[in-house]
Amino acid sequence: GQNIDQPTEMTATEGAIVQINCTYQTSGFNGLFWYQQHAGEAPTFLSYNVLDGLEEKGRFSSFLSRSKGYSYLLLKELQMKDSASYLCAVRHISSGSARQLTFGSGTQLTVLP
Amino acid sequence: EPEVTQTPSHQVTQMGQEVILRCVPISNHLYFYWYRQILGQKVEFLVSFYNNEISEKSEIFDDQFSVERPDGSNFTLKIRSTKLEDSAMYFCASSEPGAVDTQYFGPGTRLTVL
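Protein chains in written order, with the working numbering: chain A, -2 to 110; chain B, 972 to 1085.
Keep in mind that the hints were calculated from the coordinates and are not lab data.
Ideal Cβ positions, reconstructed from N, Cα and C, are used throughout, including at glycine.
Incorrect hints may appear among the rest.
Partial list, computed: chain A residues near chain B (C-beta under 8 Å) [stated by the list, open to error]:
| id | residue |
| --- | --- |
| 1 | R96 |
| 2 | T99 |
| 3 | F100 |
| 4 | S102 |
For lysine to aspartate or glutamate, the following EDC-like pairs were computed, each having C-alpha atoms within a straight-line distance of at most 16 Å [what the hints assert, rightly or not]:
| id | chain 1 | residue 1 | chain 2 | residue 2 |
| --- | --- | --- | --- | --- |
| 5 | B | K1028 | B | D1042 |
| 6 | B | K1013 | B | E1027 |
| 7 | A | K78 | A | E11 |
| 8 | A | K65 | A | D49 |
| 9 | B | K1013 | A | E38 |
| 10 | A | K54 | A | D79 |
| 11 | B | K1013 | A | D79 |
| 12 | B | K1013 | A | E6 |
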């Protein structure tokens, strides 16, 4: 089966940097996604990693280590609107298909003024 | 920017009734998905659909559930006889096959079963 762990809650200050960690155990790993979800809304895509290393996208960066089963999402220059749940999701090969996403429980980030 | 749309935004039904949730995926996408999220819990995969057939389904997707692409634009999820525990937010997603194959989610339908 698949198991994904991420902290339940984090708090940070506007303008600061925050790192949200995700660890996973899965067979047939085929990529890791980060999504942002505001309360009552749909998950929106932030980043994707399939190879080891850092992917940078504006204020957001995501890192992956496949050998350690570890990823993090780095948010810089935090803004109040970044207060949301951040979902780590793993794509894995299952029955010959590789599109199903398994989500972690999400990390609720609160940005304080 | 193209987006996935879903209707209705909120559906209230009585236990045992049938409901159909509707989705219009992004037009050039070929893979379609349904996920659900019970209030306060994680997003869970239900089913994926490609080339007019189910390609994967989870244990949640039992005989009470079915999916259909009745025409070139709509993708539906039917729950035949709703139970109280089916109350959740249901998200449709679609993806364009490729190296990344990112899934883009619709705004969701909140289903409340009374």
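Hint check results:
| no. | hint | verdict |
| --- | --- | --- |
| 1 | R96 | holds, 5 Å |
| 2 | T99 | holds, 7 Å |
| 3 | F100 | holds, 4 Å |
| 4 | S102 | holds, 5 Å |
| 5 | K1028/B with D1042/B | violated, 22 Å |
| 6 | K1013/B with E1027/B | violated, 19 Å |
| 7 | K78/A with E11/A | holds, 10 Å |
| 8 | K65/A with D49/A | holds, 10 Å |
| 9 | K1013/B with E38/A | holds, 13 Å |
| 10 | K54/A with D79/A | holds, 15 Å |
| 11 | K1013/B with D79/A | violated, 19 Å |
| 12 | K1013/B with E6/A | holds, 14 Å |
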